[in-house]
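What follows is the residue order along each chain.
2 protein chains.
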Amino acid sequence: MRIAALGEFGLIERIKRRVKTDRSVFKGIGDDCAVIRFNADKYLLMTADMLVEGVDFLRKDEPFLVGRKAMAVSASDIAACGGLPRYALVSLGMPKRSSVGLADGLLEGMRDIARKFGINIVGGDISRAHRLTLDVSMTGVVEKRCLALRGGARKGDMLFVSGALGGSIRGKHLKFTPRIKEARFLVTHFKVNSMIDISDGLLQDLGHIMKESGAGVVLYEELIPVSKAARRREEALYMGEDFELLFSLSQKEGTRLQRTNGNFTFIGNIVEKAEGLRLIDARGKKREVKPAGFTHF
Amino acid sequence: MRIAALGEFGLIERIKRRVKTDRSVFKGIGDDCAVIRFNADKYLLMTADMLVEGVDFLRKDEPFLVGRKAMAVSASDIAACGGLPRYALVSLGMPKRSSVGLADGLLEGMRDIARKFGINIVGGDISRAHRLTLDVSMTGVVEKRCLALRGGARKGDMLFVSGALGGSIRGKHLKFTPRIKEARFLVTHFKVNSMIDISDGLLQDLGHIMKESGAGVVLYEELIPVSKAARRREEALYMGEDFELLFSLSQKEGTRLQRTNGNFTFIGNIVEKAEGLRLIDARGKKREVKPAGFTHF
Chain A
11 MRIAALGEFG LIERIKRRVK TDRSVFKGIG DDCAVIRFNA DKYLLMTADM LVEGVDFLRK
71 DEPFLVGRKA MAVSASDIAA CGGLPRYALV SLGMPKRSSV GLADGLLEGM RDIARKFGIN
131 IVGGDISRAH RLTLDVSMTG VVEKRCLALR GGARKGDMLF VSGALGGSIR GKHLKFTPRI
191 KEARFLVTHF KVNSMIDISD GLLQDLGHIM KESGAGVVLY EELIPVSKAA RRREEALYMG
251 EDFELLFSLS QKEGTRLQRT NGNFTFIGNI VEKAEGLRLI DARGKKREVK PAGFTHF
Chain B
11 MRIAALGEFG LIERIKRRVK TDRSVFKGIG DDCAVIRFNA DKYLLMTADM LVEGVDFLRK
71 DEPFLVGRKA MAVSASDIAA CGGLPRYALV SLGMPKRSSV GLADGLLEGM RDIARKFGIN
131 IVGGDISRAH RLTLDVSMTG VVEKRCLALR GGARKGDMLF VSGALGGSIR GKHLKFTPRI
191 KEARFLVTHF KVNSMIDISD GLLQDLGHIM KESGAGVVLY EELIPVSKAA RRREEALYMG
251 EDFELLFSLS QKEGTRLQRT NGNFTFIGNI VEKAEGLRLI DARGKKREVK PAGFTHF
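Sequence order for the protein chains is A and B.
Per the numbering used here, the very first residue in the first sequence carries number 11; after that it's consecutive.
Per the numbering used here, the very first residue in the second sequence carries number 11; after that it's consecutive.
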C-alpha cells in the first residue's frame, strides 16, 4: 500500500497509535507542539518542521527568505500553543556544490526571525543532500494556564482567525510574521479554548480542531477575511501556508475580544459534532463541506 | 566560493561566529549537544542529526535499520555529553510513491532504540521529498556535575575509547548501540574531563577535543582497539561512523577506571598544544598526523 492511499494525516494517526510515552509527556504526537511537563508553572513545547526544495520553496527563491520561512514555520507552531519560542536546532541538507553565499543567506534569514522573537539558535547538523532541505526543531515555554491545544473547543464557542487568508503561495508564505505576539496577547488576556495555526488551509486545519474537540462548526462565509493576494474566495478556505491563528473562545470571552483592537475576525461557531462542517453564505443558504486542503501525499 | 572550499567544519565555525545567544544557553553551537540552563541541578541537552539516502544509508538498506540508526545517532550525541535522552522529534521526508511498509519499518526501528533507552517520540513532521530524509532532534537531561564537553581536556589526561574502531561502514553503522549506559557509568563514577562520540573518525573527532581544549595529543598506535570489521589499521584512525566514546580523565581517575571491567581502552595522553597530534608506533617511532576523517563537503 502506498502512503498516498493512507494520506498524510492517516499516516500520522497510524504512527500516533503505535507510540507510547511516559507520564512526563502531557501531549505527544498530534498537536502543533508536543507538551512536556517542565515545572510547577510551565510546560516545554517542542516542534519540528522540514522544508524541502521543490515542495516548500523553489530553487529560485531568495535564500534569505527560505531561511526566514524555516524558522518562522516552527515559531508559528509554538504560537499556536500559546508559547514563547526559545531554542532552535537547524539541520541543513545542502547539495555538494552549494555556495557559501547560499549558507550565509539561509542563516541571515533564520537570524532575522530569531532576533525578532528572542530565539536562540543553539545547534543542528549539516549534511550533504540532493536537494536543499531545512529542518528546524524548536523548543518553547508556556505557562500552564496559557496552553492552547486543538482539542478544547466547546459547543457555543466563537471561532476567530487572525489576519486574512488565501493566496499565500504568491508571496506571503516566504514573508509571513509568525503570530507570536498575537497569540501571547490572546492567551494572557483571554481563556482560549482551542487554537491551531493555519498551515494546510482553513477548512483542513479546522478539521483538526473538530476532530480533536469532537465538535462541529458553522462558518459564515461572508465573514471570512480574504487576503488581497487571493484570486478566488475558495483560496481562503482551501489554500495552505497562511500561518494565521484559528482559535475558539466562549461567547463571553469572544464578545470581550471583539471589543479590543486586535486584528482578529469572528468567522463562525462551534456546534454539535453531528452537525459536521457547514458554510452559510450571505443569503443564509447552508451547505455542508469537507475539511480539505493541502496534503503532502 | 563553494562550501567545499570552507569545509563542513569551516562552515560550522562561520555560523557559530555569527550567532549570538542569551544567558540561558550554557553552550551553543560547536559541541555534541547544546547545553541549556534548566534548574539548580540539571541542564537540558539538545541535538539534531539529519540522515539522507545515498549519504548516510542506501536505498537497499532495511527501513528498520535506517530508522534505528536515525534515533541512535542522536542518542549517541546525548551520551557524549553524559546525559540521558528523553524526547525525540522525527522529521521524515519521503518520496511521493513511498509504501506504508517503508514508514512502518522506519518507525519500528526508531521505537526499538526509543524503548531501550526510555526515549519518548513526541512529534515531528512528514513531508514529501525527493530522497528519503530523516532528521531526529533529541532533548536529554544531565546533572550539572555529570556534564562532559569537548573542551575540558587537560595536560596529563589519559585518553580512552569505548569498544573497537574501524570498518563500521560494513555493517555496524546500521546496528550500533549508542553508548548511553557506558557514558552514564563514566560520568556518575568518574570525573570525565572531556568527551565526544566518534562519528567522523578517531583522528578527526580527536581534533575537536584538541581544538576546544587547546591541547595536543600523543596516541599509542598499538593500543588503539581495531574492530574485526576493519580491513586496515588506518580505518580505526580515519573511517567514520564508529559511534564509540572518546574521552579523557586525569591520571588518577584514569588509573581508577583501568581497574574496572568496562570495555574502555587507554590509547594515549593529552599533552601541550604545541606538540600537536602524534602517533607513536610499536617501535617507539613518532610521526605527526593531521586530524582528518569523514567530511560532508
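Take these hints with a grain of salt, some might be off.
Lysine to any residue pairs mimicking SDA-like chemistry, simulated, CA-CA at most 20 Å apart [what the hints assert, rightly or not]:
1) A:K106 - B:L68
2) B:K26 - A:K30
3) B:K52 - A:E23
4) B:K191 - B:L68
5) A:K30 - B:E118
6) B:K106 - A:E23
7) A:K52 - A:R33
8) A:K126 - B:K191
9) A:K52 - B:V151
10) A:K106 - B:A14
11) B:K126 - A:R33
12) B:K26 - A:E118
13) B:K52 - A:R47
14) A:K52 - A:S34
15) A:K106 - B:R47
16) A:K52 - B:E118
17) A:K30 - B:R12
No lab work stands behind these hints, which were simulated from the structure alone.
Please read all numbers here as calculations on a predicted model, not as lab measurements.
These are the hints, each one checked on the structure:
1. A:K106 - B:L68: 17 Å, holds
2. B:K26 - A:K30: Cα-Cα ~36 Å, so violated.
3. B:K52 - A:E23: 34 Å, violated
4. B:K191 - B:L68: 29 Å, violated
5. A:K30 - B:E118: Holds, because 12 Å separates the two Cα atoms, which is no more than 20 Å.
6. B:K106 - A:E23: 18 Å, holds
7. A:K52 - A:R33: Satisfied, since the Cα-Cα distance of roughly 15 Å is no more than 20 Å.
8. A:K126 - B:K191: Measuring from Cα to Cα gives roughly 40 Å; hence the hint is violated.
9. A:K52 - B:V151: OK: K52 (chain A) and V151 (chain B) at ~17 Å, within 20 Å.
10. A:K106 - B:A14: 7 Å, holds
11. B:K126 - A:R33: Holds. K126 (chain B) to R33 (chain A) sits at ~17 Å (cutoff 20 Å).
12. B:K26 - A:E118: This hinted pair holds, its Cα atoms lying about 12 Å apart.
13. B:K52 - A:R47: 15 Å, holds
14. A:K52 - A:S34: 12 Å, holds
15. A:K106 - B:R47: 36 Å, violated
16. A:K52 - B:E118: 32 Å, violated
17. A:K30 - B:R12: Violated, at roughly 44 Å.
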